[in-house]
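Protein chains: 4
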Amino acid sequence: MDFRPSPRAAELAEAVQAFVRDEIEPVEQRVRRADAGDGRWQVPPQVRELQRRARAQGLWNLFLPAGHEGEYARRYGTRGGAGLSTVEYAPVAEATGWSFLAPYVFNCNAPDTGNAEVLLRYGSPQQRERWLDPLLDGRIRSAFAMTEPGVASSDATNMQLTAVVDGDEVVLDGRKWWTTGVGHPDCSVLIVMGLTDPGAHRYARHSMVLVPIDAPGVKVERMLDTMGFFDEPFGHGEVSFTGVRVPLSNVIAGPGRAFEIAQGRLGPGRVHHAMRLVGLAERALHLACERALSRTAFGKPLANLGGNRERIADARIAINSLRLLIMHAAWKLDTEGPMAAMSEVSQIKVAAPNVAQRVIDFAMQIHGGAGLSSDFPLAAAWTAARAIRLADGPDEVHRGVVARIELAGHGAAR
Amino acid sequence: MDFRPSPRAAELAEAVQAFVRDEIEPVEQRVRRADAGDGRWQVPPQVRELQRRARAQGLWNLFLPAGHEGEYARRYGTRGGAGLSTVEYAPVAEATGWSFLAPYVFNCNAPDTGNAEVLLRYGSPQQRERWLDPLLDGRIRSAFAMTEPGVASSDATNMQLTAVVDGDEVVLDGRKWWTTGVGHPDCSVLIVMGLTDPGAHRYARHSMVLVPIDAPGVKVERMLDTMGFFDEPFGHGEVSFTGVRVPLSNVIAGPGRAFEIAQGRLGPGRVHHAMRLVGLAERALHLACERALSRTAFGKPLANLGGNRERIADARIAINSLRLLIMHAAWKLDTEGPMAAMSEVSQIKVAAPNVAQRVIDFAMQIHGGAGLSSDFPLAAAWTAARAIRLADGPDEVHRGVVARIELAGHGAAR
Amino acid sequence: MDFRPSPRAAELAEAVQAFVRDEIEPVEQRVRRADAGDGRWQVPPQVRELQRRARAQGLWNLFLPAGHEGEYARRYGTRGGAGLSTVEYAPVAEATGWSFLAPYVFNCNAPDTGNAEVLLRYGSPQQRERWLDPLLDGRIRSAFAMTEPGVASSDATNMQLTAVVDGDEVVLDGRKWWTTGVGHPDCSVLIVMGLTDPGAHRYARHSMVLVPIDAPGVKVERMLDTMGFFDEPFGHGEVSFTGVRVPLSNVIAGPGRAFEIAQGRLGPGRVHHAMRLVGLAERALHLACERALSRTAFGKPLANLGGNRERIADARIAINSLRLLIMHAAWKLDTEGPMAAMSEVSQIKVAAPNVAQRVIDFAMQIHGGAGLSSDFPLAAAWTAARAIRLADGPDEVHRGVVARIELAGHGAAR
Amino acid sequence: MDFRPSPRAAELAEAVQAFVRDEIEPVEQRVRRADAGDGRWQVPPQVRELQRRARAQGLWNLFLPAGHEGEYARRYGTRGGAGLSTVEYAPVAEATGWSFLAPYVFNCNAPDTGNAEVLLRYGSPQQRERWLDPLLDGRIRSAFAMTEPGVASSDATNMQLTAVVDGDEVVLDGRKWWTTGVGHPDCSVLIVMGLTDPGAHRYARHSMVLVPIDAPGVKVERMLDTMGFFDEPFGHGEVSFTGVRVPLSNVIAGPGRAFEIAQGRLGPGRVHHAMRLVGLAERALHLACERALSRTAFGKPLANLGGNRERIADARIAINSLRLLIMHAAWKLDTEGPMAAMSEVSQIKVAAPNVAQRVIDFAMQIHGGAGLSSDFPLAAAWTAARAIRLADGPDEVHRGVVARIELAGHGAAR
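Residue numbers (UniProt numbering), protein chains in the order written: chain H, 1 to 414; chain Y, 1 to 414; chain G, 1 to 414; chain F, 1 to 414.
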């Protein structure tokens with residue numbers, strides 16, 4: 001057993017850490033403030049500039065997985081040709097979790113990374129040329145539309161938006177929400193999950209369809225907030241689809257394969273999400289320690305009052321345990337594949353946001369009122385962690401997966 | 001031991017409940033949406049109309065405590081002459097906690113209630129005439145300025161804004177934040193806690209000063225959000241005071257009495273806050289039960305999935321325990337006074353927001369993404385509960401009070 | 001709302017408290033040590049002596065509920081004729097919870113109290129004369145046999161021991177365990193729940209039968225420990241019944257009424273159990289505070305180290321909340337009866353042992369190794385609390401009851 | 001990063017697992033029952049036989065660390081010459097944690113392993129010949145005497161038993177408790193920590209002294225129980241030392257070096273303890289799953305009732321996280337040494353017993369009454385886990401270490 005990162009993973013993670021610390025953190029708070037104003041659905045010019053600088057250092061598209069990256073890495077200058085394993089990318093993802101701006105700066109933000117991976121693995125050459133290329137080049141953004149307002153989306157077989165094949169076209173009718181990324185001014189395309197064949201096996205009824213945002217019948221009804229935050233400029237939209245027609249060739253991998261694609265999309269994506277939450281939790285603990293040492297009440301630094309040290313210790317224990325759990329899941333994904341790692345991936349999907357939420361809550365508390373305000377990144381961090389307890393399947397569904405696999409090991413029918 | 005409410009407490013609580021259910025709930029969501037727009041620092045006309053109707057029914061100023069209310073109750077038509085004990089007012093406060101709009105509709109909202117009580121108990125006739133009368137009449141609003149950005153305000157002796165006596169004037173210099181109510185268009189006056197005599201005993205150094213919002217040198221620097229919410233139109237401001245001069249007669253009860261006043265202000269006020277949180281938690285549980293029965297996943301209503309019933313039961317147990325704890329603290333306040341009830345008041349200050357936060361978190365979770373959005377009052381409710389874990393002294397300070405009193409019963413020096 | 005106890009409840013609770021403090025506590029530890037030796041299934045002579053003294057003060061059979069106690073109270077000298085309501089008895093029960101010896105000393109111990117209540121309410125005159133009289137006189141003890149080793153007894157309809165009517169006799173065959181009280185040298189009779197008519201409605205199949213311990217075919221197979229403790233001299237036995245014949249007149253209230261009887265037995269009994277746990281938790285907190293002030297580490301009393309004060313505060317908050325929850329359930333039982341109070345009784349059945357377990361765990365921790373040993377009553381107290389999370393229905397079943405009633409209030413079919 | 005165990009670690013762990021499953025588990029329950037009788041402070045003959053068989057397979061002294069084991073491994077036939085790194089031994093320790101009998105069967109039980117390591121690293125040739133050899137040969141047992149009844153032993157500088165140098169002898173006076181192993185019939189020697197030079201630096205005052213159990217003045221006053229369990233035949237004793245004289249050559253590594261030795265003793269020892277707790281937790285979860293699938297209530301297997309699946313999932317997540325945390329600490333110990341791994345070792349000292357306690361508590365609950373009895377190994381397992389929250393430093397002290405190191409990373413003076 002060897003817990004050392006590979007040399008190039010270590011090198012890239014350090015480069016990203018340094019960029020976050022030296023380039024992003026100093027402007028982060030200014031960008032956040034700008035969000036509040038009229039231009040909040042625009043990309044602030046500082047962010048475009050940060051992207052240019054990151055790309056110049058090759059810190060660009062680092063998420064592209066081994067086996068798929070060759071040509072794209074060359075084309076867009078990804079440092080060292082990248083092609084990292086999940087284990088290798090994990091510490092990079094942690095480093096980008098430190099700031100809410102970082103994933104976008106490095107062109108490694110959700111849902112674009114997941115959408116890019118889907119196109120890499122399942123996309124036709126035409127699909128890749130039209131959408132993957134500009135995505136990796138940072139020219140366009142994309143959105144992912146799965147959850148629906150009218151049904152319990154924790155059970156994905158519930159999805160009711162229809163994607164009916166009509167000759168060489170597909171017709172979409174229905175409504176999605178929590179369509180992440182749809183507010184971005186550069187958003188050009190949505191991957192939409194729709195019901196194609198209600199009579200098929202329950203995991204073969206749905207399709208994934210590429211829908212240009214300007215297709216007639218697509219309407220962003222409104223942007224949704226989570227706990228008062230709109231996550232500009234990406235945002236989460238409620239989107240209606242009324243008789244939207246796109247060519248049949250826009251269906252990814254052919255009709256009925258939505259579940260297979262969603263599954264493949266989510267394994268490494270959940271590792272990335274989870275590791276970004278580790279980065280977020282680390283930052284919260286870092287801020288908590290700084291506050292604990294710099295503020296004084298009742299004649300003592302906060303660090304020496306009541307249970308604060310115990311909470312710092314519990315945070316450290318929880319974060320370290322979590323990071324190792326995620327690294328192990330990543331390693332299992334890399335070595336045995338997504339089916340073998342299904343329990344491990346669900347385990348981190350439960351553990352990561354819960355640990356992060358707890359650590360951030362403590363950090364908010366030790367900051368007093370400031371911790372709840374937008375003067376610190378904690379309130380937004382808490383909201384991000386809280387939302388992930390529901391996104392991509394609520395805690396309860398993932399606990400169910402873990403228990404099912406555990407009991408199957410004791411002879412229970414699945 | 002008799003757990004029945006007094007007849008008039010029961011009658012008033014039911015009237016308030018009915019008003020909230022029949023008049024406020026149906027418009028609540030529309031008012032919330034209006035908040036988001038340009039007029040968010042205005043009072044929506046529907047709310048002014050609700051106030052008129054509530055007042056017409058005598059559901060107005062019900063918080064006015066026994067012994068002080070006679071004249072004001074008559075003057076403003078408080079139903080039954082009110083003058084409720086803390087125990088009697090508690091179920092009324094619970095009923096107003098059900099909707100974020102309700103306290104203002106009934107002219108029973110913080111910080112105006114606390115400020116009104118201060119003026120009732122400690123105010124001079126002139127102070128009462130100038131500010132208490134219009135407050136109770138709903139013509140003006142007020143703010144309360146205690147917490148400061150530069151110091152750990154959990155230790156109130158840290159407060160550094162100066163309120164120096166200069167002849168027959170007081171001069172204020174310094175900065176406050178989390179000054180609640182200062183964003184309201186009708187806000188006319190702030191009660192400001194300032195340091196008057198640094199050489200006095202640590203609980204006799206500070207004064208409470210009435211400062212008109214338009215006094216030269218008062219500047220609202222910015223409005224603060226909690227978790228993305230600005231709590232319009234009241235809001236929480238950061239306010240600077242630069243050479244602000246007000247007459248010495250604006251000092252409440254004379255210089256050096258701020259701690260005594262704050263203490264008296266906070267006892268019943270904390271009961272009100274806590275009972276409103278009970279109402280909020282009840283509403284969250286109510287919404288959770290409705291969702292649990294109306295949504296289906298994996299072929300079952302959510303109520304029958306996993307641990308949801310256990311969480312409903314735990315929520316019910318926690319809420320019932322909390323309500324009783326608060327009622328008992330109220331009873332002790334009424335029968336033995338604030339000094340005797342100091343531990344009990346700190347107990348509810350800890351228990352109420354923590355219970356509410358937990359119940360609301362569950363309710364959000366069972367609502368899926370909708371629970372985090374502004375389509376339901378849950379995200380705002382959670383934020384309110386979370387903020388109260390810090391407002392008026394963080395959890396940690398109140399746990400310290402409870403432990404100190406417990407240990408004193410075992411012979412420890414306080 | 002009035003939280004004062006009735007004068008006689010206050011007087012009796014104080015008398016019991018004083019007796020526990022002055023008479024029982026000083027010998028408690030010696031009695032516990034004696035337990036470990038050979039005579040552990042005997043009643044230590046000190047305990048018999050304590051019983052005599054308690055009885056001489058009329059602190060005897062105080063549990064006898066109003067309406068049933070007249071004659072017995074007179075006969076056995078219960079102070080003031082007792083006949084306490086559940087609310088009135090609750091603080092007495094709390095006082096007896098302070099020491100593991102106390103309930104027996106006052107002739108108020110489980111399962112004898114529950115069995116006595118069953119005989120009072122449902123017993124025939126002959127049954128009462130033969131078993132109730134000597135129970136109340138302290139001449140005999142009784143046991144209660146419901147749980148079975150072979151089935152999930154949390155679902156009481158699972159019970160499989162048969163109690164078949166054969167002419168004017170009942171024949172019992174099967175096996176019970178956790179039959180509490182069966183190890184006592186004075187144990188003379190068991191109340192046994194058996195399956196009489198498998199074809200009847202599921203709540204009308206079982207009977208409660210009085211079985212003399214010396215009836216042929218009754219065999220105590222072994223005594224069971226909980227976490228290493230045997231709770232001598234009462235104990236919990238595994239008991240086999242092989243062709244045991246008793247007269248039909250030994251069936252309480254006639255065949256098929258076991259569920260009705262069990263229900264009536266459990267309401268006030270659960271209040272008693274819960275209030276004894278409050279007493280136990282109070283003692284644990286008391287010991288914790290004493291330890292926190294008297295021991296020093298790293299140059300400070302334990303009270304001033306880390307989160308100890310926060311834990312003391314949380315314990316105080318939890319105990320106070322719990323006590324009020326129980327008092328309210330008792331009040332509802334008294335005023336509206338067991339059907340109306342079903343949720344409330346299940347709420348305290350969940351809350352009481354969980355709160356007590358948590359408080360005692362903290363008290364053990366602050367005592368270091370001593371807290372786990374038998375030098376302090378904490379380890380046994382913890383075990384008692386832990387066991388009650390399973391006895392009379394596990395936490396999970398009672399949470400289910402609370403949730404079912406909560407959801408029924410929102411329109412769910414029960 | 002590579003999570004695969006080394007081939008020989010895998011081979012040994014599997015061999016130990018198989019032995020535990022095939023040889024130990026089938027007799028475990030019979031041995032436990034025998035404990036209860038008169039011979040409980042004897043070694044049951046089945047256990048001696050199991051030791052013979054384990055040794056015949058070379059599953060003996062596997063704990064002996066690399067660098068020290070050569071000669072002893074050869075002498076006593078340790079399979080493959082062993083000499084495992086901490087990382088390699090960890091899965092072996094986990095396998096032995098599955099049964100309370102296993103560590104002794106493989107001659108890998110505390111405190112003998114820790115004592116053997118002390119003698120290996122710090123013992124003189126004479127000390128090793130006299131005590132290490134027979135220990136590794138299984139001819140004698142040893143005890144470790146550090147904690148004292150009269151002081152808060154969480155602060156080890158509090159220890160007051162004196163070990164005064166008097167010419168070429170050391171004289172010990174004082175009292176210890178929780179002296180583990182002293183009840184074993186083969187116990188021949190104690191390692192006793194005593195105060196030698198009160199004037200020295202606080203970490204140089206104490207010595208570790210080898211004291212034969214039959215030295216005049218050594219008296220085992222009594223055996224202590226934890227939660228009713230005596231852990232026979234090893235046990236935990238209270239031992240008095242009255243003018244006990246031993247040769248100066250019995251002081252390990254010379255006077256004043258107790259802290260240094262204790263530190264070195266505890267690093268790998270804490271990994272062993274922690275991994276045994278992982279094994280214990282795994283067994284509890286295994287039993288819980290079996291019970292969940294085999295018992296039925298309310299018409300369903302327990303696995304499908306309420307929150308049971310969620311609890312199974314949470315247990316799996318917690319155990320996996322814990323195991324990884326321990327493996328990482330072991331790896332850091334191996335690669336960077338005990339000073340660098342101080343936080344990591346304290347982290348696992350906190351996490352391991354708390355996780356195990358929680359998992360076992362759930363397993364007990366799902367077993368109903370049986371889970372609390374000695375019919376299942378759960379109650380004893382819970383007690384073992386609970387005791388380790390205090391042994392070798394309570395949770396609170398280790399949290400303090402973790403927080404101190406965390407804050408030091410932010411510039412706090414240690």
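Calculated from the structure, these hints are not laboratory results.
In this text, a Cβ means the ideal position worked out from N, Cα and C, and glycines have one as well.
Among the hints, erroneous ones may be present.
Chain G stretches covered by chain F per the calculated footprint, using a threshold of three residues with CB under 8 Å from any CB of chain F [stated by the list, open to error]:
(1) 127-138
(2) 141-154
(3) 214-227
(4) 244-250
(5) 288-297
(6) 367-373
(7) 378-386
Hint-by-hint comparison with the structure:
no.: 1; hint: 127-138; verdict: violated (count 0)
no.: 2; hint: 141-154; verdict: holds (count 6)
no.: 3; hint: 214-227; verdict: holds (count 4)
no.: 4; hint: 244-250; verdict: violated (count 0)
no.: 5; hint: 288-297; verdict: holds (count 3)
no.: 6; hint: 367-373; verdict: holds (count 6)
no.: 7; hint: 378-386; verdict: holds (count 5)
The structure fails hints 1 and 4 (numbered hints given earlier, in ascending order).
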